[in-house]
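Participant: Sequence:
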Amino acid sequence: QELAWTILKLKGKSLLVVILKLAWSAYLYVVWRQRNKKYFGASLLTEDTILVQIKEIVRVHLGGSLINRTNPTNASLYTFWGIIG
Numbered sequence: 007q008e009l010a011w012t013i014l015k016l017k018g019k020s021l022l023v024v025i026l027k028l029a030w031s032a033y034l035y036v037v038w039r040q041r042n043k044k045y046f047g048a049s050l051l052t053e054d055t056i057l058v059q060i061k062e063i064v065r066v067h068l069g070g071s072l073i074n075r076t077n078p079t080n081a082s083l084y085t086f087w088g089i090i091g
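Here our numbering is used: the first residue of the sequence shown is 7, the next is one more, and so on.
Simulated from the structure, these hints should not be mistaken for laboratory data. There could be a bad hint or two in this list.
Computed Cβ-Cβ distance ranges for the label pairs, DEER-style [claimed, not checked]:
hint: 1; residue 1: G47; residue 2: N74; range: 46 to 54 Å
hint: 2; residue 1: P78; residue 2: V37; range: 29 to 37 Å
hint: 3; residue 1: Q7; residue 2: R41; range: 34 to 42 Å
Here are the simulated DMTMM-like pairs of lysine to aspartate or glutamate, each with C-alpha atoms no more than 25 Å apart in a straight line [to be verified]:
hint: 4; residue 1: K44; residue 2: E8
hint: 5; residue 1: K27; residue 2: D54
hint: 6; residue 1: K17; residue 2: E62
Even for Gly, the Cβ is constructed at its ideal location relative to N, Cα and C.
Start from the sequences, fold in the hints, and give me the full structure.
Facilitator: Below, the structure written as structure tokens:
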């Protein structure tokens, strides 16, 4: 159900769509890692740590991007996600 919504709604090339796609992919990756940690008996991460990891993955992927920062929406997204570029 979430995947269907993601595919349906996240179309286009705006910075917001790019960030949401990256965040979705990062979420799936981190959840998969958590499942593996639980399965193999490793210690699990806290919810806060998971959110920090997702944000870090998005930040790293967009760090070198050439995005129009004069657009107020893009500028606020860059600030919120801590993207340096």
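Participant: Now tell me, hint by hint, if it's right for this structure.
Facilitator: Verification of the hints:
no., hint, verdict
1, G47 with N74: 46 to 54 Å, "holds, 47 Å"
2, P78 with V37: 29 to 37 Å, "holds, 33 Å"
3, Q7 with R41: 34 to 42 Å, "violated, 19 Å"
4, K44 with E8, "holds, 23 Å"
5, K27 with D54, "holds, 20 Å"
6, K17 with E62, "holds, 23 Å"
This entry does not satisfy hint 3, going by the numbered hints stated previously; all others are met.
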